[in-house]
Amino acid sequence: MPDDYKVTTIASDLKSPWSMVQLPNKTWLITERDGHIVIAKNGQQIRVKLALDGLYVAGQGGLLDVVLAPDYSVSKEVLFTYAQGKLNANRLVIAKARFDGEQFSTPTIIYQVATDKGTPQHYAGRALVLPDNTLLFSSGDGFDYREQAQVKTSQLGKVLRIKLDGSIPEDNPFSQHENNKAHAVYTLGHRNTQGLIYDYDSQQVVSHEHGPAGGDELNYLTAGENYGWPVITYGKDYSQARISPFTKYPGMKLPSVDWTPSIAPSGMAYYGSQHSSFTSLQRHALITTLVDKKLYAVNLANGDFTQTHVFPDITGRLRDVFVTSKGGIAVLADGSDAKLTLITPE
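For reference, each letter of the sequence shown is one residue, going 1 to 346 in UniProt numbering.
Since the hints were derived computationally from the structure, they do not count as laboratory data.
Here the structure is a predicted model, which means the values were calculated and not measured.
Don't take every hint at face value.
[Claimed, not checked] Straight line, CA to CA, 27 Å or less: simulated BS3-like cross-link-like pairs of lysine-lysine:
{"id": "1", "residue 1": "Lys15", "residue 2": "Lys294"}
{"id": "2", "residue 1": "Lys26", "residue 2": "Lys326"}
{"id": "3", "residue 1": "Lys294", "residue 2": "Lys326"}
{"id": "4", "residue 1": "Lys236", "residue 2": "Lys293"}
{"id": "5", "residue 1": "Lys49", "residue 2": "Lys26"}
{"id": "6", "residue 1": "Lys86", "residue 2": "Lys49"}
{"id": "7", "residue 1": "Lys339", "residue 2": "Lys294"}
{"id": "8", "residue 1": "Lys86", "residue 2": "Lys181"}
{"id": "9", "residue 1": "Lys41", "residue 2": "Lys26"}
{"id": "10", "residue 1": "Lys26", "residue 2": "Lys76"}
{"id": "11", "residue 1": "Lys6", "residue 2": "Lys326"}
{"id": "12", "residue 1": "Lys26", "residue 2": "Lys86"}
{"id": "13", "residue 1": "Lys236", "residue 2": "Lys253"}
{"id": "14", "residue 1": "Lys152", "residue 2": "Lys163"}
{"id": "15", "residue 1": "Lys326", "residue 2": "Lys339"}
{"id": "16", "residue 1": "Lys86", "residue 2": "Lys15"}
{"id": "17", "residue 1": "Lys26", "residue 2": "Lys294"}
{"id": "18", "residue 1": "Lys248", "residue 2": "Lys152"}
{"id": "19", "residue 1": "Lys253", "residue 2": "Lys152"}
{"id": "20", "residue 1": "Lys248", "residue 2": "Lys41"}
{"id": "21", "residue 1": "Lys76", "residue 2": "Lys41"}
{"id": "22", "residue 1": "Lys236", "residue 2": "Lys152"}
{"id": "23", "residue 1": "Lys6", "residue 2": "Lys41"}
{"id": "24", "residue 1": "Lys294", "residue 2": "Lys236"}
{"id": "25", "residue 1": "Lys6", "residue 2": "Lys339"}
[What the hints assert, rightly or not] Label-pair distances were calculated between CB atoms; the ranges are:
{"id": "26", "residue 1": "Gln203", "residue 2": "Phe305", "range": "11 to 21 Å"}
{"id": "27", "residue 1": "Thr247", "residue 2": "Thr344", "range": "36 to 46 Å"}
{"id": "28", "residue 1": "Asp3", "residue 2": "Asp116", "range": "44 to 54 Å"}
{"id": "29", "residue 1": "Lys326", "residue 2": "Asp237", "range": "37 to 47 Å"}
{"id": "30", "residue 1": "Gly43", "residue 2": "Ala213", "range": "40 to 50 Å"}
{"id": "31", "residue 1": "Gly118", "residue 2": "Ser273", "range": "43 to 53 Å"}
{"id": "32", "residue 1": "Gly335", "residue 2": "Asp237", "range": "39 to 49 Å"}
{"id": "33", "residue 1": "Ile109", "residue 2": "Leu87", "range": "14 to 24 Å"}
{"id": "34", "residue 1": "Phe305", "residue 2": "Asp171", "range": "22 to 32 Å"}
{"id": "35", "residue 1": "Ser276", "residue 2": "Gln176", "range": "22 to 32 Å"}
Heads up, the beta-carbon is just placed ideally off N, CA and C, and yes, glycines get one too.
Could you build all of it, start to finish, from the sequences and the hints given here?
Written as structure tokens, this is what we have:
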């Protein structure tokens, strides 16, 4: 694993940041849950407010993920996930806006999760553009609604797949279901999936999700499959009460990795064979953690998912990780006075 590296601060004084992306011109966009975007480049940073319709900032809610549209170089479109609504009726939504280098256009909502909830927890909110230019995104179970993760016609506790205009891909596994709430469902049986990556070396989608007390998981996602929550889990309730007697059940996929006790995986990025700055990390998933307060590299190539603590200088509650086009590794800290740092070879 890498020994010779340097750490550079990209942005500081961040207020509850959640995600980040680097533009082709090396500018960074960093989301803050209160609805701001921090624009950072060349040691300078400015904070701009997004005009998000119905933004709900409470509990774990607010502005969450940011990803670039696949045609960003032409369209200048940026995609966001955020919590919308009020305490007794809120939901995750997907929006897009154009960025002119200084300001964002008024965001347009392209999709709303069709199942409202009355809690400010477990939005999931991670988004991933696939090679076919469809969008995968995770919808949490809402904390108090875990049984809905097993209901195809509820959009809680799911990974959903849409086209970038918000319409439904015809090859979604339940696109012909009589209830249109099932049409966007890609996989079901999830608790709070905050990691989504595309492993282009194996051409597979990989996710991770928070368990309760224990039972954090890493999964390979296959369309139409059921990943078990809350029927199968190695985790217990926070009260230590048993959630389920089952750790396996017919028709439900077992995790490739189980973390018990919990590490609280937050962000995830794929360091693939095309990245060469840190060759020892090739074909690893990089995972930030909130409880363990470490950055882990999990080997996706050897079949046994060897896990290594990497870059020990990077500590504290870690919210997200991003791999740059040159193979640098950006790590976003969590909290009210957080920073974004970039790891590069020494």
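Results for each hint:
1. Lys15 with Lys294: Roughly 20 Å between the alpha carbons, so the hint for Lys15 and Lys294 holds.
2. Lys26 with Lys326: holds, 11 Å
3. Lys294 with Lys326: holds, 23 Å
4. Lys236 with Lys293: holds, 21 Å
5. Lys49 with Lys26: Given pair Lys49, Lys26 holds - Cα atoms ~21 Å apart, limit 27 Å.
6. Lys86 with Lys49: holds, 20 Å
7. Lys339 with Lys294: holds, 15 Å
8. Lys86 with Lys181: holds, 21 Å
9. Lys41 with Lys26: holds, 7 Å
10. Lys26 with Lys76: Cα-Cα ~14 Å, so holds.
11. Lys6 with Lys326: holds, 15 Å
12. Lys26 with Lys86: violated, 36 Å
13. Lys236 with Lys253: holds, 19 Å
14. Lys152 with Lys163: holds, 19 Å
15. Lys326 with Lys339: Between Lys326 and Lys339 the Cα gap is close to 21 Å, so the pair holds against 27 Å.
16. Lys86 with Lys15: Since the Cα atoms of Lys86 and Lys15 sit roughly 22 Å apart, the hinted pair holds (cutoff 27 Å).
17. Lys26 with Lys294: holds, 26 Å
18. Lys248 with Lys152: holds, 20 Å
19. Lys253 with Lys152: Given pair Lys253, Lys152 holds - Cα atoms ~16 Å apart, limit 27 Å.
20. Lys248 with Lys41: Roughly 48 Å between the alpha carbons, so the hint for Lys248 and Lys41 is violated.
21. Lys76 with Lys41: holds, 17 Å
22. Lys236 with Lys152: Roughly 24 Å separates the two Cα atoms, so the pair holds.
23. Lys6 with Lys41: holds, 18 Å
24. Lys294 with Lys236: Answer holds: Lys294 to Lys236 is near 23 Å, not above 27 Å.
25. Lys6 with Lys339: Between Lys6 and Lys339 the Cα gap is close to 16 Å, so the pair holds against 27 Å.
26. Gln203 with Phe305: 11 to 21 Å: holds, 18 Å
27. Thr247 with Thr344: 36 to 46 Å: holds, 41 Å
28. Asp3 with Asp116: 44 to 54 Å: holds, 50 Å
29. Lys326 with Asp237: 37 to 47 Å: This hint holds: roughly 44 Å between Cβ atoms.
30. Gly43 with Ala213: 40 to 50 Å: Since Gly43 and Ala213 have Cβ atoms about 42 Å apart, the given range 40 to 50 Å holds.
31. Gly118 with Ser273: 43 to 53 Å: Given a distance of about 45 Å, which is inside 43 to 53 Å, the answer is holds.
32. Gly335 with Asp237: 39 to 49 Å: violated, 26 Å
33. Ile109 with Leu87: 14 to 24 Å: With Cβ atoms ~20 Å apart, the hint holds.
34. Phe305 with Asp171: 22 to 32 Å: 29 Å Cβ-Cβ, so the 22 to 32 Å window holds.
35. Ser276 with Gln176: 22 to 32 Å: violated, 44 Å
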